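Read left to right, the sequence shown gives residues -20 to -1, 1 to 72 (mature numbering (1 follows the signal peptide of the UniProt record, and there is no 0)).
Calculated from the structure, these hints are not laboratory results. Values in this document were obtained by computation on a predicted structure and should not be read as measured data. Just to be clear, a hint being listed does not mean it is correct.
[Stated by the list, open to error] Okay, derived cross-link-like pairs now, DSSO-like style, lysine-lysine, Cα gap no bigger than 30 angstroms in a straight line:
#1 69 / 47
#2 61 / 24
#3 47 / 61
#4 37 / 24
#5 18 / 47
#6 69 / 24
#7 37 / 47
#8 61 / 37
#9 37 / 18
#10 47 / 24
#11 37 / 69
#12 61 / 18
#13 69 / 18
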Amino acid sequence: MRFLLASAVPLLMAATPVLALEAGDSMQDWAAAPRADKETVLRKMDSLAGGSAARDKVLSCLDDTAKTAGHGSLPISEVAKACSDQSAKQNI
């Protein structure tokens, strides 16, 4: 019985989902992530920045950037800041 339990633990750990998307991940990770993970990352970054970003515009900008050749290795947080800055300029 102990052997079965001991062998079941690694199998359960291997079946757990991949870690959630984080601000320090790459744009390649962003492109592969589900929308719910993307929105969670944006909410976390908004709360740190005072919630001033227009989330939908930033999300769209990040999605477009993730599809652009040569941007896959950029950190999400850097691209999100640039997208947020661009969004703020467009709202002026």
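Against the structure, the hints come out as follows:
1. About 23 angstroms separates the Cα atoms of residue 69 and residue 47, which keeps this hinted pair within 30 angstroms; it holds.
2. A hinted pair counts as satisfied when its Cα atoms are at most 30 angstroms apart, and residue 61 with residue 24 qualifies at roughly 13 angstroms.
3. Restraint check: the Cα-Cα separation between residue 47 and residue 61 comes to about 17 angstroms, which is no more than 30 angstroms; the hinted pair holds.
4. Straight-line distance between C-alpha atoms of residue 37 and residue 24 comes to about 16 angstroms, which keeps the hinted pair within the 30 angstroms bound.
5. Straight-line distance between C-alpha atoms of residue 18 and residue 47 comes to about 15 angstroms, which keeps the hinted pair within the 30 angstroms bound.
6. Only pairs whose Cα atoms come within 30 angstroms are accepted, and residue 69 paired with residue 24 is accepted, the gap being roughly 22 angstroms.
7. Restraint check: the Cα-Cα separation between residue 37 and residue 47 comes to about 16 angstroms, which is no more than 30 angstroms; the hinted pair holds.
8. Restraint check for residue 61 and residue 37: the C-alpha separation of about 12 angstroms stays at or below 30 angstroms, so the hint holds.
9. Distance hint between residue 37 and residue 18 is fulfilled; the C-alpha atoms sit about 13 angstroms from each other, no more than 30 angstroms.
10. Our distance criterion of 30 angstroms between C-alpha atoms is met by residue 47 and residue 24, whose separation comes to about 23 angstroms.
11. A C-alpha spacing of about 12 angstroms is found between residue 37 and residue 69, which places the hinted pair at or below 30 angstroms, so the restraint holds.
12. Distance check on the hinted pair: residue 61 and residue 18 sit about 15 angstroms apart at the alpha-carbon level, within 30 angstroms; holds.
13. Note on residue 69 and residue 18: the hinted pairing holds, with a Cα-Cα distance of about 23 angstroms set against a maximum of 30 angstroms.
Of the numbered hints given earlier, the model fails none.
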